Amino acid sequence: MPELPEVETVRRYLDTKLPGDRITAVTVDLPRLIKNRTEDAFRRTLTDRVFRAADRKGKYLILRLDGPESLMVHLRMTGRLVFQEDESLPDPPYTRIRFSLERGKLTYGDVRTLGDLWIIPSEGKTGISRYDTLGPDAIGDAFTPDYLYRKLKGTSRAVKAVILDQTVVAGVGNIYADEALFLAGIRPSRHADRVTKAESAKLCEAIRSVMLGSIEAGGTTFRDFLDGAGHEGGNVENLRVYGRDGEPCTVCGTEIQLTKIAGRGTRYCPKCQK
DNA sequence: TGGGCTGTTGCAAG
DNA sequence: ACTTGCAACAGCCC
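Take the first sequence: its position 151, counted from the start at 1, is 151 in the UniProt record's numbering, and no numbers get skipped.
Bear in mind the hints are in silico, worked out from the structure with no lab data behind them. Please note: incorrect hints may appear among the correct ones.
[Unchecked claim] DSSO-like mimics (lysine-lysine), calculated; alpha carbons at most 30 Å apart, straight line:
id, residue 1, residue 2
1, 260, 153
2, 260, 57
3, 260, 274
4, 271, 260
5, 202, 260
6, 153, 17
7, 151, 202
8, 125, 197
9, 57, 197
10, 35, 125
11, 57, 17
[Said to hold, decoys possible] Okay, the calculated beta carbon distance ranges per label pair:
id, residue 1, residue 2, range
12, 67, 245, 21 to 29 Å
13, 252, 88, 15 to 23 Å
14, 102, 213, 13 to 21 Å
15, 89, 165, 37 to 45 Å
16, 123, 165, 23 to 31 Å
17, 66, 146, 52 to 60 Å
18, 100, 255, 49 to 57 Å
If you're wondering where the values come from, they're calculated on a predicted model, not measured in any experiment. We put the CB at the ideal spot given by N, CA and C, even for glycine.
Please work from the sequences and hints to get the whole structure.
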């Protein structure tokens with residue numbers, strides 16, 4: 001499921017619902033999802049805390065609380081955070097952790113159970129190295145054409161592998177990597193150091209625009225994604241190459257190809273992308 | 001039926 | 001030091 005636009009879609013919804021609400025109880029069905037606390041410590045830390053805000057960097061969601069510690073979540077492939085105002089409603093499918101609130105409930109569901117939840121300090125570094133070493137957020141001001149060009153220049157790895165690297169830019173996953181490279185007219189297998197400065201600028205802008213367009217549409221539900229209200233996103237309509245292998249390119253009619261780059265299924269138009 | 005695929009990333013091995 | 005490949009897991013599709 002979730003790359004930056006999906007996590008942002010969830011964040012925006014939760015940020016309208018959670019602040020001011022208090023956690024009254026925490027139920028953990030699958031303790032191994034909690035990475036840096038025991039189940040008991042996790043429950044004790046969160047119970048009676050009040051939500052302040054929902055923040056995001058890259059694909060990480062941070063639910064800020066009134067105490068010295070807050071909750072950080074990575075949805076990995078199939079994680080879902082769903083808020084329901086009516087606590088008596090049945091839990092959504094595959095619920096693994098449930099937060100009972102004074103005004104409803106928040107559930108963490110996860111089909112493949114690959115997600116991560118951490119307790120982090122409310123201020124300063126999280127101490128979670130993968131978070132603390134993230135590159136600039138893909139839709140933030142620090143992700144600029146010059147920055148991307150400098151990062152691409154330093155390596156001969158495939159350009160797709162570089163933009164998937166979360167220490168280079170935070171939030172790009174497999175779907176939006178393919179989409180952005182299509183928009184920028186760059187073959188995913190191209191060596192990064194062979195991408196020109198003008199193409200880097202195009203790619204930077206393409207990453208930003210596919211992300212913002214998807215947020216606008218409520219995220220991409222290709223298979224598992226549900227937003228914070230439990231609804232599917234509408235961005236599949238906008239995808240130009242992802243999931244379209246074997247279909248004609250929307251620009252030139254050439255058949256979209258499927259290959260493997262950096263170990264990931266990769267779709268591209270052999271005519272539009274050089 | 002069974003094998004291969006899936007939106008992420010930590011870790012081991014090359 | 002850098003890069004690749006697999007494992008973690010469960011479900012879906014052919």
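Hints and how they fare:
| no. | hint | result |
| --- | --- | --- |
| 1 | 260 x 153 | holds, 23 Å |
| 2 | 260 x 57 | holds, 28 Å |
| 3 | 260 x 274 | holds, 17 Å |
| 4 | 271 x 260 | holds, 18 Å |
| 5 | 202 x 260 | holds, 23 Å |
| 6 | 153 x 17 | violated, 43 Å |
| 7 | 151 x 202 | holds, 15 Å |
| 8 | 125 x 197 | violated, 34 Å |
| 9 | 57 x 197 | holds, 26 Å |
| 10 | 35 x 125 | holds, 17 Å |
| 11 | 57 x 17 | holds, 19 Å |
| 12 | 67 x 245: 21 to 29 Å | violated, 48 Å |
| 13 | 252 x 88: 15 to 23 Å | violated, 54 Å |
| 14 | 102 x 213: 13 to 21 Å | violated, 37 Å |
| 15 | 89 x 165: 37 to 45 Å | holds, 40 Å |
| 16 | 123 x 165: 23 to 31 Å | holds, 28 Å |
| 17 | 66 x 146: 52 to 60 Å | violated, 40 Å |
| 18 | 100 x 255: 49 to 57 Å | holds, 52 Å |
Violated hints, listed in ascending order, are 6, 8, 12, 13, 14 and 17; each of the other numbered hints is respected by the structure.
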